[in-house]
Structure formats: C-alpha cells, structure tokens
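Number of protein chains: 2
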Amino acid sequence: MSLKQFETMNKGESLSLDEVLANLKTDDAGLIATIAQQHDSGEVLMLAYMNEKSIRETLETGQVCYWSRSRQTYWRKGESSGHRQSLVSMSFDCDGDCILLQVDQKGPACHTNRRDCFFFRVNGDQVVIHTAPE
Amino acid sequence: MSLKQFETMNKGESLSLDEVLANLKTDDAGLIATIAQQHDSGEVLMLAYMNEKSIRETLETGQVCYWSRSRQTYWRKGESSGHRQSLVSMSFDCDGDCILLQVDQKGPACHTNRRDCFFFRVNGDQVVIHTAPE
Numbered sequence: 001m002s003l004k005q006f007e008t009m010n011k012g013e014s015l016s017l018d019e020v021l022a023n024l025k026t027d028d029a030g031l032i033a034t035i036a037q038q039h040d041s042g043e044v045l046m047l048a049y050m051n052e053k054s055i056r057e058t059l060e061t062g063q064v065c066y067w068s069r070s071r072q073t074y075w076r077k078g079e080s081s082g083h084r085q086s087l088v089s090m091s092f093d094c095d096g097d098c099i100l101l102q103v104d105q106k107g108p109a110c111h112t113n114r115r116d117c118f119f120f121r122v123n124g125d126q127v128v129i130h131t132a133p134e
Numbered sequence: 001m002s003l004k005q006f007e008t009m010n011k012g013e014s015l016s017l018d019e020v021l022a023n024l025k026t027d028d029a030g031l032i033a034t035i036a037q038q039h040d041s042g043e044v045l046m047l048a049y050m051n052e053k054s055i056r057e058t059l060e061t062g063q064v065c066y067w068s069r070s071r072q073t074y075w076r077k078g079e080s081s082g083h084r085q086s087l088v089s090m091s092f093d094c095d096g097d098c099i100l101l102q103v104d105q106k107g108p109a110c111h112t113n114r115r116d117c118f119f120f121r122v123n124g125d126q127v128v129i130h131t132a133p134e
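First to last, the protein sequences are chains A and B. Be aware that the first sequence starts at 1, since it is given in UniProt numbering, and climbs by one per residue. Be aware that the second sequence starts at 1, since it is given in UniProt numbering, and climbs by one per residue.
This is chain A alone, in the form it adopts within the complex (with noise of 0.2 Å):
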C-alpha cells in the first residue's frame, strides 16, 4: 500500500485517519519508521518504529508509544526511566513509509542519557562522540 494515490489533492482536503492507516506501506513486521522531533528546538532526537495499534494508542493518549523490535513488545517511552514524550502532531510521509511526530521530550531521548541519540559524527575519516550523557 502507499499514500501516493492521495499526493494530488489540494491544502487543507481531508481523509479519514483510518484510509490513511489502511494504506500505510508497513514492512512485512507491521512497522514503520518514525521520526522523533522537538516540537519547540526542531532537534531530532531518535528513530524508532510504530505499528498500527502503536499509532492509535499514541493519538488516544497524547504519550508516545513505539514498539520495541529488539524486545518485541510495546514500548511506552518513558514508562520505566520517566522520560516521557508527550505528542505534540502526527505526519506521515508522501509514499506513507514513515512518519513524523513532533514531540514534546522531558529529559533525555537516548538510552545512553544523551539529549538524542545521533552522537557519532562523522569527522574526515574519523567518527566522534560529540556529546555527552547528561
């Protein structure tokens, strides 16, 4: 499936959330990539994966909740370390493989303690740790 078949509709035209969800292009587990952004900063802060029930609990409750690939199961982020996203808006991409939450971040993102989790850098021929856990 993909969004593509709605790519030419005008501003401000509307689709039920459920069309949009029966046409997400998933991967074979179900998921899809999903982007989490600093509503207020614009940092980016993780990548993680959602499925069907994942997105639907998240609109429901205004608390991000991904699923875990490497635990296979839900993850509430926050639910155990407290740092709690609370959603902010919900976006999917135009082929409909990916999705983009603006998030509201109490602490930090990172399993590490680090603010976002992109903190290898790529210097010349050499990668560097740019900062550090909180």
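Treat the hints loosely; a few may be bogus.
The list treats identical chains as one, so a pair stands whether inside a single copy or across any two.
Said to hold, decoys possible - In the DSS-like style, the derived pairs of lysine-lysine whose C-alpha atoms are separated by at most 25 Å in a straight line are:
{"#": "1", "residue 1": "Lys53", "residue 2": "Lys11"}
{"#": "2", "residue 1": "Lys106", "residue 2": "Lys25"}
{"#": "3", "residue 1": "Lys106", "residue 2": "Lys4"}
{"#": "4", "residue 1": "Lys106", "residue 2": "Lys11"}
Rather than coming from a laboratory, the hints here were simulated on the basis of the structure.
Based on these hints, arrange chain B on the given structure of chain A.
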C-alpha cells in the same frame, strides 16, 4: 552489528569511519534508514535509505546519494530535478541503525514539489493535506 559497544566512549573521543561503517546495523538488504534535516531551519525534509557505498560517495562528493528501494539503484538526489542536497554533517545513532544528515536542500525535497514529504497531518479522526506544492 551495532554501535552500542562504543556508547561509553567519552565526548571528543573518536573511532575510524571504517570501523563505524563495519558495525552499522543494516537491514537484510544492507540498508540503513536516513533522515535528512535542513541544517539551518531544522525542518525534517524526508526519510530515505543508504548503503555503505552511498554513504562513502556522499562523504566524498558532498552531494547526498541514497539507495532507491523502489528503483533498486543509486539515487543521487536532485540529479534529474536539480533539487540537490548538499551535505553539511552526517551522524549515526546510538545503536547504529539510523543516520541523520544535516543538509542544504535546494528547492523542494519531496517528489510532489513540496518542501518536505510530511504533508499528511493528523487532526482528530481526520488527516489533512497541510502543504501545497511550491
């Protein structure tokens, strides 16, 4: 493979690029999810996929090259449209299964001629087209 073995390194320490590339957690096709973000505005433009060869080409040329899963070939962003992405920085995430590119995007990033690909925005039980092509 994963980059988790390196997560306790201190800020400012470095690894060789070759070692990091050898430890990325790619999918079965050798691909890794790659987020492109406009370096100055913070806009998340798109999500695409890279393999090791496209990562190396991007670093060497300074022009972003993805692997197109639909066309099964290298995708030098903007080669036909002129909407090039120039590389500003490249970072890998904590477990080595995602890349964040800071780029300078010329014109629209999306194939629909929108600036970014995330134009299906959830609004209650509806999804609204929230930008128009440029």
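Right, here's what the structure says about each hint:
1. In this assembly of identical chains, the alpha carbons of Lys53 and Lys11 never lie at most 25 Å apart, being 28 Å within a copy and 38 Å across copies at closest.
2. For a Cα distance limit of 25 Å, the shortest separation of Lys106 from Lys25 qualifies neither inside one copy, at 30 Å, nor across copies, at 27 Å.
3. Taking CA atoms no more than 25 Å apart as the test, Lys106 paired with Lys4 passes between copies only; the shortest distance there is 23 Å, against 35 Å inside one copy.
4. With identical chains, the CA atoms of Lys106 and Lys11 are at most 25 Å apart between copies only, with a shortest distance of 22 Å across copies and 33 Å within one.
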